[in-house]
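> Going line by line, the protein sequences match chains A and B.
1 is the number of the first residue of the first sequence in my numbering; add one for each residue after it.
1001 is the number of the first residue of the second sequence in my numbering; add one for each residue after it.
Keep in mind that a hint or two might mislead.
[Said to hold, decoys possible] Residues from chain B shown here face chain A by an in silico Cβ test under 8 Å; the list is partial:
| no. | residue |
| --- | --- |
| 1 | 1103 |
| 2 | 1332 |
| 3 | 1333 |
| 4 | 1336 |
| 5 | 1337 |
| 6 | 1340 |
| 7 | 1343 |
| 8 | 1355 |
| 9 | 1358 |
| 10 | 1363 |
Since the hints were made in silico from the structure, they are not lab data.
A virtual CB, placed ideally from N, CA and C, is assigned to each residue, including glycine.
Listed here are the chains, written in short residue letters.
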Amino acid sequence: MTGTRPQGQLASAASSEVIIEIDKMNKWYGAFHVLKDIDLIVRKGERIVVCGPSGSGKSTLIRCINALEEHQEGDIVVDGIKMGKNLKNLDHIRTEVGMVFQNFNLFPHMTILENLTLGPIWVRKMSRADAVETAMTYLERVKIPEQAGKYPGQLSGGQQQRVAIARSLCMNPKIILFDEPTSALDPEMIKEVLDVMVELADTGMTMIVVTHEMGFAKTIADQVIFMDQGDIVEQNEPAGFFENPQHDRTKLFLSQIL
Amino acid sequence: MAFVKSEKTPDRPAPLSERSVTGWMRKNLFNSWFNSILTVGTLLLIYFIVKGIWDWGFADATFMAENRRECFDNSLTGACWAGVIDWLDNIFYGRYPRDQIWRIHYGGLMLVLWMAPLWMERVKGKVLIAAGVVVFYPFLSGYLFAGGDKGVFMQLMVTGAVVALIANTANMITGLLKQESLKGFLLRVSGQTIAPDKTQRNILLAITGCAFAAAFIWQMNWRVDAVPWTKWGGLFLTMVISGIGIASSLPGGIILALGRRSKLTVIRVLCVSFIEVFRSVPLITVLFMATTMFPLFMDEGFVLNKLTQVIIAVVLFNACYMAETVRAGLQAIPKGQYEGAHTIGLGYWRMMGLVIMPQALKHMIPNIVGSFIGLLKDTTLVSIIGLFDILGMLRSISKDVPWLGLHKEPLIFGAMLFFILCFLMSKYSRYLEVKLSAGNRH
């Protein structure tokens, strides 16, 4: 599969410091029970891949971590802050947690550089010069510094997704969430995005990735989580998860996609 | 059978029918006998219409005459433009004192000077400039037009407006010459470019304060004679009402539209009822309410002049229409844009101001300008409640003794005037649309 690097698994950067703690979290969409008694602990530097069939609640789970969705029961503690109705807390959590979407969600009326400097200038209160410098550093890291003056609509999907990753990085977040970052891309562009994500993993960033790219999961994940119908069905290290799945539903899922 | 193309097929010129005028005509105008008849018939029709207009409006028309009788003596079938020409001053300025008309001209020039930087590529900070115009210009021009004694509030606002206009013009000049903002220029001249933010802010505050004090002292001695609003009229009055309406209906509409989408029930219900009430009532009713009913609800002795009441009514009425236009524009923005803004930590107002509104407004330009054009034309309704705006002036020509019964020509002149104004607005909106979407191909 694309994205697999020849040298195999990355060394784990996980420390013992807990950065996300989810305790008995439940969420409903109206009467529909989307997430059921979710317990999850993420340590600093840990890389977690979430997989599962569509409608299993994996996207909803990470959207809850970023407070894009409200949960009804249980606790979510991110970076020591308990999520609640307090809007100031929400904005703080969103500042510390970056997110990359399936559809990029870049701002089409701004150039790439403006997309990248918007958050640092208005939220982090950086000076314009510093923000531009940071932005160019990260654009170079995702290998498209020459596109800085263009508009998102002029870039290919793979380039847009790399810009979206750079935009998250510019905010210097503690965690980055990826919501199926390669699902909307043409096959030949998936690799360039996965390569950037692997490099990012190399730097020790805490990442939670919802993806169907199993090769990528094998390369970078410290933990793989399999979700089905709102439950975390199985959670294991990638070796154990792929070689020796325990649950029947996991076995079925893996047999279908591998 | 296998096939491999050995060389590239060369480009050939398009057939003659795609390139030549006669080819185009044959294809589009004379491609069947029925279409040929239609073409010829239409050409004849156009000829007769244009000739009729030409004969009446120019060939047989009278431009110089003392009264309508002379017009008839000159030609019975031509237009009598002399009446319109004789009344031009009234049409443009109403009954504004003739020796004070320079005030109207100065007011107009000031607006041009104030807004000119908006069209200059090299001058930055367009949003601030536009905000300055909307907030301060009405007070400066308002005093210039109305005159009389200034109250404390008016004194402060006039001072603020003068400072803002001077700063705006200076900013334009530094922008044009050195391509830097006035702020950058002042800091550079005072040698504080690399000073900490706090020092810079203090210096700028000090300069602003001095300018404000100087302007305040100057304006204490600046007085122009009072011109009561009853003397305002003609195109000038139309421009005042529709100008204020245009400038304030958009901000008002944005606020109402955001209120309508608010999560707070009280605000939402208030905004929805306000919008729906005003939208389901004709403007003329609102105008009558504003001028006849409104004073009944107020304390005795509370007097607002009729013009102010009319302007408030026009602004509220159009803000409600604008609110629906803005709401439509907001609905066209995908949810992902809100989420994208959230994930970089932008709060509600920054998200709206920096990410959502700029995109939504771009979609809305045709509708917004459509509302503006409607507003400009709707202001003629104020002639019904006794204000002599341009329509009122045009119609009073026929009651003037020398021009008794002259209806057609003034109204046609008015129609042409409105056509020019509205057509320019719509052309400009088209230009804006193309310009703003240039860098934005999805």
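> Next step is simple, just say for each hint if it's right about the structure.
Results for each hint:
1. The closest approach between the C-beta of residue 1103 of chain B and any C-beta of chain A is roughly 41 Å, which is over the 8 Å cut-off, so the hint fails.
2. Of the supplied interface hints, the one on residue 1332 of chain B is violated, with its beta-carbon coming no nearer than about 12 Å to a beta-carbon of chain A, more than 8 Å.
3. Taking 8 Å as the C-beta contact cut-off toward chain A, the hint placing residue 1333 of chain B at the interface is violated, the least distance being around 10 Å.
4. Because the closest C-beta pair between residue 1336 of chain B and chain A is about 4 Å apart, less than 8 Å, the hint holds.
5. Hint status for residue 1337 of chain B relative to chain A: holds, with the closest Cβ pair at about 6 Å, below 8 Å.
6. Because the smallest distance between the Cβ of residue 1340 of chain B and any Cβ of chain A comes to about 3 Å, under 8 Å, the interface hint for this residue holds.
7. The beta carbon of residue 1343 of chain B comes within 4 Å of a beta carbon in chain A, closer than 8 Å, and the hint placing it at the interface holds.
8. For the restraint placing residue 1355 of chain B at the interface with chain A, the shortest Cβ-Cβ distance is roughly 5 Å, inside the 8 Å limit, so the hint holds.
9. The interface hint given for residue 1358 of chain B holds, since its Cβ lies 5 Å from the closest Cβ of chain A, which is under the 8 Å cut-off.
10. Checking residue 1363 of chain B against chain A: minimum C-beta separation of about 11 Å lies over 8 Å; hint violated.
Taken one by one, the earlier hints fail for this structure at numbers 1, 2, 3 and 10, listed in ascending order.
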